[in-house]
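Protein sequence lines correspond, in order, to chains L and S. Counting in full-length UniProt numbering, the first sequence tops out at residue 336, every number present. Counting in full-length UniProt numbering, the second sequence tops out at residue 336, every number present.
Honestly, I wouldn't trust all of these hints.
One copy or any two copies: either way a pair holds, since identical chains are not told apart in the list.
Stated by the list, open to error - Once the Cα atoms are required to be at most 27 angstroms apart in a straight line, the calculated DSS-like pairs of lysine-lysine come out as: (1) K298 to K236; (2) K169 to K62; (3) K281 to K331; (4) K236 to K281; (5) K298 to K187; (6) K62 to K236.
Derived by calculation from the structure, the hints in this document are not laboratory data. This structure is a prediction, so every number in the text was calculated from the model and none was measured.
Below are the chains, spelled out letter by letter.
2 protein chains.
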Amino acid sequence: MSMNRKIILDSRPQGMPEPRNFAFQEEPATAPAAGEVLVKTLYVSVDPYMRGRMNAGKSYAKPYEVGGVMGGGAVGQVVESAADSFSKGDIVSGGWGWQTLAVVGAASLRPIDRELAPISTALGVLGMTGLTAYFGLLAIGDPQPGETVVVSGAGGAVGMIVAQLAKIKGARVVGISGSELKNSYLKQELGVDAVVNYKTDELEEALEAACPDGVDVYFDNVGGEISDAVLRRINKNARIPICGQISLYNLKQSDQGPRVQSILLTNTALMKGFLVGDYAKDSPQALKELAGWLQEGKLKHAENIIEGFERIPEAFLGLFSGDNLGKQLVKVAEVE
Amino acid sequence: MSMNRKIILDSRPQGMPEPRNFAFQEEPATAPAAGEVLVKTLYVSVDPYMRGRMNAGKSYAKPYEVGGVMGGGAVGQVVESAADSFSKGDIVSGGWGWQTLAVVGAASLRPIDRELAPISTALGVLGMTGLTAYFGLLAIGDPQPGETVVVSGAGGAVGMIVAQLAKIKGARVVGISGSELKNSYLKQELGVDAVVNYKTDELEEALEAACPDGVDVYFDNVGGEISDAVLRRINKNARIPICGQISLYNLKQSDQGPRVQSILLTNTALMKGFLVGDYAKDSPQALKELAGWLQEGKLKHAENIIEGFERIPEAFLGLFSGDNLGKQLVKVAEVE
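With the rest of the complex left out, here is chain L (with noise of 0.2 angstroms):
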């Protein structure tokens, strides 16, 4: 019987985590009974959410509990099949996290075409950091023509598809990074009109270069001072998905700044909080223009990936430093 690998949450972590707050853990895998199947992982998604599981209060989803296994999005291979609706060698995305075997039920499993892109697209572009990305720009900030689109934490996961989506719908992008990398990304490779590093400009000035005709769409995955000062900017009836408070996860005191509720007033305009899983009904559609736009090349995915299963905190930690280029992936083994 083969052994699965497994990385437990040991103890909940203060502020920043650490890998001490990870443990590995082995035990035989056990076989698939009917209607499940038997995963061999190939990829681990290691995403900023993961973090706000990691406590043991009320966030948009529930907590992980201690001494379980770190759940999240997955890419494997079937290696034992007791489904009718999957054979061996099929791959497959779901939620397992971070494993290296799996006996997960067949109906929570997403089956991925090899042909169509890479495998790993399944837990980015053409997963639900595409998906993220998709429903938070397209069904609440809803760019226009000629609108200008401010994207913080761009060179993220989520936020180069934004940019890319923003673009493709003939929006003014302006993407806001910690990193000269990142931008150079964003403006070279992406096609981003104006980049902002929020580490090394002095932020309001290079917002006000960046934006001058104001913003209309701010899409935020990080909160605290950065969007305080975007906010300082927006238009009238401007709309701002909030998709992530990457600044703030980590933080031990309350989170304090200006109130959002008079700029909102004055302008008439919209702030929403959204998850993915609110718009499951109408992600397979998302899915195919996705993939059309991948394979028309308007839209390319960047990936940094890891190698190593042992590598997964590693690569998890290191979403918090800001060094990390679009979506990050831990590599566990090759297809068979």
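Here the structure of chain L is known, so what remains is to put chain S in place on it, guided by the hints.
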């Protein structure tokens, strides 16, 4: 020739406005040109939004000019008409503001049916106040039967109508005000389910008791710490129309507090600033519906009427002391 008495903005207030910010002037009334009418003012509306227009900075409406008449809603009677659409004696509503006689373009006037309801309601429940409550609550808040709707500034002009509309829609309604008089009226006359007095109750405890199932719609007239406390209790998919921020209008420093983005994200909630003018095309239908509820007795209009043109500034300043129950009007003359 009759004399027009008018009240002008004499200086911009710093913080709370004072009587010295206004000045009284007299001038001969002019005759209406073709397409205009000369109107004698019967009632003048005083509203919190006027405080914003007294500032020089960007707001949702153009600032008043120093030396110009204080604009705003009024009801009057046509004294002389040079327009086909109105005759001498007609009752009309318009935005000519704080003056006893005004020459107004006929196209900007709304005819008032004095059989339908008392003519003062054209400035309240059947005017901008009613429409503000209607669109903010119904178009943005969209309360469903059994949901909990919290209204701040519930004893004010807009708040009282919001509370009643939410009851009409089958919601459980919680009103927040700073006065026992207002809260008694809300409970006993308007059927509000629970009330909170932000001046005398322990706010967190009182809200917790008043909202055992959380908050689905928060209609915000006040902002500040009252809103912070309500927002801590919102439910998944909550809707938050931002109608006013009266607690801030006289603040000299910037408005700091807990940032709301994480709460909106965690609850996939929507917050939207709005102005009644954004819904102009739907207003005739909304007024019909409001008039229907008024005639059926489902909607009561509470008015607080002060008599005398010279008391308009006093009536306006009273809005910020929290003493006004319902719509604050000043009666300037009798119908002839």
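Now for the hints, and whether the structure bears them out:
Taking the closest pair of Cα atoms, K298 and K236 never come within 27 angstroms of each other, the shortest separation being 30 angstroms inside a single copy and 35 angstroms across copies. Taking CA atoms no more than 27 angstroms apart as the test, K169 paired with K62 passes in neither setting, with 35 angstroms inside one copy and 33 angstroms between copies. In the homo-oligomer, the alpha carbons of K281 and K331 never lie at most 27 angstroms apart, since the shortest distance is 30 angstroms inside one protomer and 56 angstroms across protomers. Proximity of K236 and K281 under a CA criterion of 27 angstroms is satisfied inter-copy only: 19 angstroms between copies versus 31 angstroms inside one chain copy.
Proximity of K298 and K187 under a CA criterion of 27 angstroms is satisfied intra-copy only: 15 angstroms inside one chain copy versus 59 angstroms between copies. For the homomeric pair K62 and K236, the shortest alpha-carbon distance between copies (13 angstroms) is at most 27 angstroms, but the shortest distance inside one copy (36 angstroms) is not.
Comparing the model with each earlier hint shows violations of hints 1, 2 and 3; every other hint is respected.
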